[in-house]
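Chains A and B are the protein sequences, given in the same order.
Residues 1 to 113 (this note's numbering) are what the first sequence spells out, left to right.
Residues 1 to 110 (this note's numbering) are what the second sequence spells out, left to right.
Since the hints were derived computationally from the structure, they do not count as laboratory data.
Quick reminder that beta carbons are idealized off the backbone N, C-alpha and C, glycines included.
Careful: at least some of the hints might be erroneous.
Listing some non-contacts, in silico: residues in chain B with all C-beta distances to chain A over 10 Å [stated by the list, open to error]: (1) Ile-13; (2) Asn-18; (3) Ser-24; (4) Thr-27; (5) Ser-28; (6) Gln-33; (7) Lys-56; (8) Thr-64; (9) Asp-66; (10) Ala-82; (11) Asn-95; (12) Gln-97; (13) Gly-103.
Simulated restraints, written as ranges between beta carbons of each label pair [claimed, not checked]: (14) Gln-97(A) x Leu-75(B): 30 to 36 Å; (15) Lys-14(A) x Asp-66(B): 46 to 52 Å; (16) Gln-14(B) x Gln-80(A): 29 to 35 Å; (17) Leu-60(A) x Ile-13(B): 31 to 37 Å; (18) Arg-15(A) x Pro-8(B): 32 to 38 Å; (19) Gln-41(A) x Pro-110(B): 27 to 33 Å.
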Amino acid sequence: DTGVSQDPRHKITKRGQNVTFRCDPISEHNRLYWYRQTLGQGPEFLTYFQNEAQLEKSRLLSDRFSAERPKGSFSTLEIQRTEQGDSAMYLCASSPQGITEAFFGQGTRLTVV
Amino acid sequence: SQQGEEDPQALSIQEGENATMNCSYKTSINNLQWYRQNSGRGLVHLILIRSNEREKHSGRLRVTLDTSKKSSSLLITASRAADTASYFCATDEGNYQLIWGAGTKLIIKP
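The shape of chain A in the complex, shown without the other chains (with noise of 0.2 Å):
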């Protein structure tokens, strides 16, 4: 499968650890995106790559939160000091230049507990 690919898909941790996340793009995609879904509504845009320079960053991620892509290639979501606000399932996309539409990846769902 050459899809988008998130790891881990589950991840259950307590309050104030700090968890990270992965995301593989599909392989010829530049751009890069994170974002976070709760229950009953529509994902919210977190961060975007293009190759490996982060663009664009939203209000939500606070500054525990924290996106790296080196190299353009694979890209890793950390949370630290989680709080119960965190659960949410985080979603990975990619896109090709020039194309809006995004791929995305399964998600990694977070529990913080």
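Based on the hints, put chain B in the right spot on chain A.
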């Protein structure tokens, strides 16, 4: 914040019937996209309509866009059980950030 609002929030129809769901948005857009989400396949892109287009077809899907009313509709004809999913509209304002509605939950009854 979410830009789009889908209507209805939930829709239950018999297999074979047509399903129509609507989306309203607030700002000027470059394009509007519809996605489907179910537990098996995650979010999947269905169709994109540009701001200068009024109607677009793809298989059993028909999308309309009325930029004067800032609204779009998605019609699924001859529904199948496999169409059971949540459907989202997402708008692109030109900064590559998609703004999403809360979705319409569609249930197809056999």
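Subject >> CB-CB spacing for Leu-75(B) and Gln-97(A) relative to the 30 to 36 Å hint >> reply: The hint (30 to 36 Å, Cβ to Cβ) holds, given that Gln-97(A) and Leu-75(B) are roughly 32 Å apart.
Original post:
Can the suggested window of 27 to 33 Å be confirmed for the beta-carbon pair Gln-41(A) and Pro-110(B)?
Top reply: Distance hint for Gln-41(A), Pro-110(B) holds at roughly 29 Å.
Original post:
Far enough from chain A: is every CB of that chain over 10 Å from the CB of Gly-103(B)?
Top reply: violated (6 Å)
Original post:
Does Lys-56(B) sit more than 10 Å from chain A, CB to CB?
Top reply: holds (13 Å)
**OP:** Evaluate the condition: distance from the CB of Asn-95(B) to the nearest CB of chain A exceeds 10 Å.
**Re:** Its Cβ does come within 10 Å of chain A, the nearest being 7 Å, so this is violated.
Original post:
Is it the case that Ala-82(B) keeps its Cβ farther than 10 Å from each residue Cβ in chain A?
Top reply: holds (18 Å)
**OP:** Beyond 10 Å from every chain A Cβ: check whether that's true for Gln-97(B).
**Re:** violated (5 Å)
Subject >> CB-CB spacing for Pro-8(B) and Arg-15(A) relative to the 32 to 38 Å hint >> reply: holds (37 Å)
Original post:
For Gln-33(B), which was marked as not at the interface, is the minimum beta-carbon distance to chain A over 10 Å?
Top reply: Per Cβ check, Gln-33(B) is inside 10 Å of chain A; nearest 6 Å; violated.
Original post:
Lying within 29 to 35 Å: is that true of the beta-carbon distance Gln-14(B) to Gln-80(A)?
Top reply: violated (50 Å)
Subject >> Interface-negative label, Ser-28(B) against chain A, beta-carbon threshold 10 Å >> reply: Holds, because the least Cβ-Cβ distance between Ser-28(B) and chain A comes to about 15 Å, which exceeds 10 Å.
**OP:** Quick one: work out the minimum CB distance from Asn-18(B) to chain A and report holds if it exceeds 10 Å, violated otherwise.
**Re:** Asn-18(B) is indeed farther than 10 Å from all Cβ atoms of chain A, at 23 Å.
Checked against the numbered hints above, the structure violates hints 6, 11, 12, 13 and 16; every other hint is satisfied.
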